[in-house]
Structure formats: structure tokens, C-alpha cells
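J.: Chain by chain, the residues:
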Amino acid sequence: MQQTTGKMKLAELETNFERKIQAEEKIEPRDAMPEAYRLHLIRQISQHAHSEVIGMQPEGNWLLRAPSLRSKQILLAKIQDEGGHGLYLYSAAETLGISREEMIRQLHEGKAKYSNIFNYPTLTWADIGAIGWLVDGAAIVNQVALQRTSFGPYARAMFRICKEESFHQRQGYEIMATMMKGTPEQKKMAQDAMNRWWWPSLMMFGPHDSDSPHSGDAFKWKIKRKSNDELRQKFIDKTVQQAYVIGLTIPDPLLKWNEDKQGYDHGPIDWSEFKNVISGNGPCNRQRMEHHKFWHEEGKWVREAADAYKKRISTLN
Amino acid sequence: MDTQLDLWEVFVQGKSGGQFMHAGSVHASDKEMALKYARDLYTRRNEGSAIWVVLSNNIVSSAPEDAEMFFDPANDKIYRHPTFYTMPEGALQI
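Protein chains in written order, with this note's numbering: chain A, 3 to 319; chain B, 104 to 197.
Chain A with its partners taken away, still in its complex shape (with noise of 0.2 angstroms):
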């Protein structure tokens, strides 16, 4: 895009950005920003992106294998959307000045980040339905409240997330609905498939309020709307009772409902394991990156065609 040139100080800019940020109001990408705003938010929005997109393979995993031509048809469904998300988000960070290329070189440098969850196993069909139920379920949680980030791309692009995302989430619970009304074995199936996700799907909140190094200029920007533990509470509020009503335990002996906070309190969280899977030792850390990388390879002569035929039609035209 081209812009024609502004005329403000340095200064006038800054104020500027601070009321913007004090009256709600977004700020967009041709807006002057702090630096440090730029770059919290290019770390996770590409970060974000990434998820998205390296979540499509636990998923792949099960679209041969599903167990209905119904089943077969939700799966592609929900998986293509998840890489539409990934093409939302990436756009909304190229609006920062930062080229998809570059970001796909620090995926697959190390340098950018995704969602620890997507590098745990898709062991049975019940996986496919704890990861619509659970895994999205956290998502929207998150999600909905980032509709009101202070960066308007970022908000507009998780506002159509979200209006998409709920299909997701349904689709699992009916997965594992399903399988709690079926055989012996399928409801162990579902219920195992709870216990090994559950927990890291309270993680993907990221840690607790009292250890989130990230926090504080979020809040202040209005990047972050809610802390950590709030989207965790408020997760947990609302997926103890849908586990209830279709009989599923939740693997937490300690977790009890608390009446005067009105919400559940938890067992501890073994951030020990989190910790662990990040910094790269969870069961399918490099699988997730050498595929991502194999296919980014395979993909490359597409691409270079696509850019010859181009130059080929500007010399016709």
C-alpha cells in the first residue's frame, strides 16, 4: 500500500497512541506505535498463526482413518478452517512490516513459538473429539477476549475466528458424546483421551499470573484483556459440567467447587512437564517441525512456477 506523507512530530505521535490506547480506540497499522509495541505483538500474532497452522496435523492424522464418511467430511472441514485462521493471522502480522517469509524462517529457526498443545499424539478417534471439545474450547476462551486487543487487525481477525471456531468445539463434544453412549472399550477410549488432555489443555493459558513474564505492557497496551488464570477459571467453569453431563471424570482429585468464588478450584499444575514440552521434549516436538519443513521444501516449485507464469502473462499483456 502506498500512504501519502504525514506531517506530525515524534512526539505529537506518542500522545497520540496513549489516547488512542486510553479511549479504546485501535490502533492501526499505518498509526505510529512504540517499537516494543510492534514487536510484543509481531512474537504473538505470528506465534498464533503458527498454531493454527502446525495444528492441522494432529488432526491430519485421523482424516484417513475416520470412521464415517460424515465424520471424514467435518474433519477436512474443521482443518481447513484452521489453516484459514493461520492465513487471517499471518496477514495481520504482515500489516507490521514483517514479510510471511521471514516468519516462516523463524518457525523454522526455533525463534518463533506455537502452541505447546499441538505437540502431544493423536492416539485414538477420541483425541479428534478432546481436541474440538478441549483444545478449541480453550481457544475460544482465549479468543473471545482478544476480540477486544487494542491492534484493530488482530481484533478483526479474531472476531472472524470466533465466529467460526464454535463449529469446532461442538463437533468434539459430540465426538466424545458419542463414544460415552457406545461400548466398554470407547468409553475408555474417551475417557483416557480426557485424562491425557486435560491438563495440557489448562497449560495453554500459559503460566500463572504471579510468573507471567509477558504481562505487563500487554495489559498496559491493551493487547491482553484477561489475565492467565481468569481464561483458565473461566474454562474450567464451563467444561466441568458439559464433562458431567455425559459422564466423563475430570482427571483432578482435587477439584472442588469453591461457592463463595463461584467457580472450581484446581489441582496443581505440573509445570515441570510444560516447561519440558516447550523447551523442545514433548512426544511429537520434531515431528510437527520436520514435516512442517519437508512440506514447505515439496511446496517450493509450486510456488516458482506460479511466480514464472506470472512474469510469463506480463510479457502477453
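In short, the hints are calculated from the structure, not lab data. For each residue, glycine too, the CB sits at the ideal point set by N, CA and C. Be careful, since some hints might not be right.
Using 27 angstroms as the maximum straight-line C-alpha spacing, the simulated BS3-like pairs for lysine-lysine come out as follows [stated by the list, open to error]:
1. Lys-180/B <-> Lys-165/A
2. Lys-118/B <-> Lys-165/A
3. Lys-313/A <-> Lys-118/B
4. Lys-312/A <-> Lys-139/B
5. Lys-74/A <-> Lys-139/B
6. Lys-240/A <-> Lys-189/A
7. Lys-302/A <-> Lys-115/A
8. Lys-295/A <-> Lys-139/B
9. Lys-118/B <-> Lys-302/A
One-sided and incomplete, this derived list gives chain A residues near chain B with beta-carbon spacing under 8 angstroms [unchecked claim]:
10. Glu-176
11. Arg-305
12. Ile-315
Use these hints to put chain B onto chain A, whose structure you have.
T.: Just chain B now, kept in the frame of chain A:
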């Protein structure tokens, strides 16, 4: 050198007769590809009846920091609004 192709802006018309609204961006190397990608990305749930795509480089934008000066000519012309005028009491349907 890796390429992620050119950046295009996508405008979608929801219902025929309605206005085209900016929906987002796509990467594509030519206009047919841009249209198809825009369809797959922004109209998976029947959100569109028509799509425009335009290379982002061809869009010219005003500078936000100039907004006050740039839109100033409209500020003092309240007589362009119907509520500016005093209507005689009792006149109907005006």
C-alpha cells in the same frame, strides 16, 4: 530465495446489490489465483455473492496523522445535513 507470492486485498459483496466490504488479504501470483484463494478463504460459509481482488500495492491510503487537516473541509459545513434547516411547524412528510 523463497517467495510467498504477491499480496492482494479482498473485497466481498455479501448479497447482490449490497456494497463490497474489505474482508482481508490473500497471497497469490496472478488474478485468477487471487480470486480462487479469496473465495476459499473468505466465503466458505456463503458469505459472498461477488468478490473483488486488487493488488495491495495499487491501493493509496491517506495518512492517519493527517486526518484532522485532511478532512477539515467537511468540518464547518453543517448546512449539508438535513437537521440544519428549520421547518415550518405543521409541515408533514419533509
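J.: For every hint, state whether the structure bears it out.
T.: Hint check:
Pair hint Lys-180/B plus Lys-165/A does not hold up; C-alpha atoms about 41 angstroms apart against a cutoff of 27 angstroms. In summary, the hint linking Lys-118/B to Lys-165/A is supported, as the alpha carbons are separated by about 19 angstroms, within the 27 angstroms threshold. Annotation: proposed proximity of Lys-313/A to Lys-118/B is violated, straight-line Cα distance about 35 angstroms (limit 27 angstroms). Proposed proximity of Lys-312/A and Lys-139/B is supported: the alpha carbons are some 15 angstroms apart, at most 27 angstroms.
Using a Cα cut-off of 27 angstroms, the hinted pair Lys-74/A and Lys-139/B holds, with the two alpha carbons roughly 24 angstroms apart. At most 27 angstroms may separate the alpha-carbon atoms for a hinted pair to count; Lys-240/A and Lys-189/A meet this at roughly 22 angstroms. A distance of roughly 23 angstroms separates the Cα atoms of Lys-302/A and Lys-115/A; the hinted pair therefore holds under the 27 angstroms criterion. For the suggested pair Lys-295/A and Lys-139/B, the alpha carbons sit about 25 angstroms apart, so the restraint of at most 27 angstroms is met.
Taking the CA atoms of Lys-118/B and Lys-302/A, the gap is about 37 angstroms. The hint is violated against a cut of 27 angstroms. Given hint, Glu-176/A at the interface with chain B, is violated; its Cβ is 19 angstroms from that chain's nearest Cβ, farther than 8 angstroms. A distance limit of 8 angstroms between C-beta atoms decides the matter here; for Arg-305/A the minimum to chain B is near 5 angstroms, and the interface restraint holds. Here the hint on Ile-315/A is kept, as its CB sits about 6 angstroms from the closest CB of chain B, short of 8 angstroms.
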